[in-house]
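Trainee: What follows is each chain in one-letter form.
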Amino acid sequence: MIRVWLPGHLRTLARVDSEVHLEVQGQATQRSVLDALEAKYPMLKGTIRDHVTGKRRSFLRFFACQEDLSHASPDAPLPDAVVSGEEPFLVVGAIAGG
Amino acid sequence: MSKVRVLVGTRKGAFILTSDGKRERWSVSEPHFAGWEIYHMKGSPVDPNRLYASQSSGWFGQLIQRSNDGGETWEPVGNQFAYEGIPGTHQWYDGTQHPWEFKRVWHLEPSLTDPDTVFAGVEDAAFFRSTDGGRNWQELPGLRGHGSGPRWQPGAGGMCLHTILPDPTNPERIFIAISAAGAFRTDDAGQTWKPINQGLHSESIPDPAADVGHCVHRIALHTSRPNVLFMQKHWDVMRSDDAGDSWHEISGNLPTDFGFVIDVHANQPETIYVVPIKSDSEHFPPEGKLRVYRSRTGGNEWEALTQGLPQSNCYVNVLRDAMAVDSLDECGVYFGTTGGQVYASRDAGDNWAPIVRDLPAVLSVEVQTLE
Chain H
719 MIRVWLPGHL
729 RTLARVDSEV
739 HLEVQGQATQ
749 RSVLDALEAK
759 YPMLKGTIRD
769 HVTGKRRSFL
779 RFFACQEDLS
789 HASPDAPLPD
799 AVVSGEEPFL
809 VVGAIAGG
Chain L
231 MSKVRVLVGT
241 RKGAFILTSD
251 GKRERWSVSE
261 PHFAGWEIYH
271 MKGSPVDPNR
281 LYASQSSGWF
291 GQLIQRSNDG
301 GETWEPVGNQ
311 FAYEGIPGTH
321 QWYDGTQHPW
331 EFKRVWHLEP
341 SLTDPDTVFA
351 GVEDAAFFRS
361 TDGGRNWQEL
371 PGLRGHGSGP
381 RWQPGAGGMC
391 LHTILPDPTN
401 PERIFIAISA
411 AGAFRTDDAG
421 QTWKPINQGL
431 HSESIPDPAA
441 DVGHCVHRIA
451 LHTSRPNVLF
461 MQKHWDVMRS
471 DDAGDSWHEI
481 SGNLPTDFGF
491 VIDVHANQPE
501 TIYVVPIKSD
511 SEHFPPEGKL
521 RVYRSRTGGN
531 EWEALTQGLP
541 QSNCYVNVLR
551 DAMAVDSLDE
561 CGVYFGTTGG
571 QVYASRDAGD
581 NWAPIVRDLP
591 AVLSVEVQTL
601 E
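Here the protein sequences come in this chain order: H and L.
Throughout the first sequence, residue numbering follows the numbering used here, covering 719 to 816 in sequence.
Throughout the second sequence, residue numbering follows the numbering used here, covering 231 to 601 in sequence.
I should point out that these hints are in silico values taken from the structure, not numbers from a laboratory.
No false leads were mixed into what you were given.
When the alpha-carbon atoms are kept at most 35 Å apart in a straight line, the in silico DSBU-like pairs for lysine-lysine are as follows:
| no. | chain 1 | residue 1 | chain 2 | residue 2 |
| --- | --- | --- | --- | --- |
| 1 | L | Lys-242 | H | Lys-758 |
| 2 | L | Lys-333 | H | Lys-758 |
| 3 | L | Lys-424 | L | Lys-333 |
| 4 | L | Lys-242 | H | Lys-763 |
| 5 | H | Lys-763 | L | Lys-333 |
| 6 | L | Lys-252 | L | Lys-519 |
| 7 | H | Lys-773 | L | Lys-333 |
| 8 | H | Lys-773 | H | Lys-758 |
Input sequences plus hints: build the corresponding full structure.
Mentor: See the structure below:
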């Protein structure tokens with residue numbers, strides 16, 4: 719079970735009030751986790767990754783285990799602590815004010 | 231008894247204001263989509279409880295929300311706006327070519343005949359249509375494919391398609407406007423388009439009378455006479471009597487011919503409204519006086535409407551989608567400001583009062599007159 723922490727606006731959009739729990743088939747990577755997230759909450763399509771390119775939106779970051787994974791390959795395995803559910807995979811909005 | 235519903239899009243959410251037909255007391259909703267930019271909301275003319283809203287954010291991109299109960303509840307629908315084919319390039323601020331990139335939906339225009347059909351004007355400028363209530367969007371690429379795209383350029387707000395006016399007497403005809411490309415018309419339901427900018431004059435392009443490149447801020451028409459168009463251009467207030475084939479200036483005695491909004495009285499097609507704004511950079515009312523100007527002669531002769539509006543120390547702007555009229559007798563006129571006020575007049579502009587005054591900066595105002 720993968721735990722995903724979303725920014726408040728996306729929790730509102732997905733109508734969840736806490737972290738999301740996902741079952742991911744195969745290896746847990748950014749891509750497979752986000753695929754599972756969007757399959758369970760289709761209203762999130764396009765809000766984290768671009769519809770066409772699949773790239774992370776530029777004002778979002780991906781953190782886990784006190785590391786910034788934003789620029790890691792989307793197909794790189796996630797840390798063991800994320801895979802085991804010990805640590806969440808965090809989707810974080812950039813600090814941009816406004 | 232009639233009711234009026236005012237749909238207000240702001241920098242930080244949407245608000246719905248309602249009143250009975252007297253338009254004296256207004257209720258203001260809690261914010262919808264709090265924290266998101268709501269560039270535009272509009273209801274279907276054939277099903278007034280079917281509303282569409284453009285919700286966007288620099289963090290999370292574009293969403294489209296749909297309501298089937300007049301804005302009580304909403305559901306997100308489709309948000310994929312993909313350009314047809316290779317997007318190509320347009321002119322950038324410095325004159326170089328820049329790739330077309332989708333940024334947001336500026337304007338949603340529900341069909342006059344089908345509540346599930348809605349048009350979207352987007353930045354970077356393109357024209358999209360959904361025929362399934364907003365679930366799926368297809369570009370009608372004939373507009374960008376007109377061939378003049380490399381000469382289109384963004385205005386200060388971006389290269390936005392902000393005005394969509396379907397002709398109520400001819401389902402094949404639609405007028406649109408883009409900053410800064412100009413006005414275009416289709417006579418075949420969006421398959422092909424022609425620029426309709428003859429008579430416009432803009433100093434900011436190499437050929438001031440070019441067929442495209444003009445920063446048109448807004449176009450309006452009266453439904454009874456759709457061949458007559460009124461335009462607030464970056465500078466100049468203009469009129470066309472031949473469906474945009476030619477334009478002539480009607481700025482007349484306005485204190486400045488710069489501004490963003492323009493609209494037409496619901497029951498008097500020669501009565502039009504603008505809000506003059508100072509210069510193309512200061513973007514606030516001349517002399518700190520917020521004045522709506524009304525012409526009862528289709529332009530050239532304008533009167534300042536000031537009763538109830540701040541006449542000192544007022545430095546707000548009124549953005550291009552932020553004026554609308556109701557269809558009651560007498561006609562109500564409404565506009566929102568970047569200072570968060572929504573002003574309304576129940577008597578066609580003679581007297582004004584704020585119906586709400588401390589919202590986030592107002593981006594758009596639409597009005598529904600309900601039976």
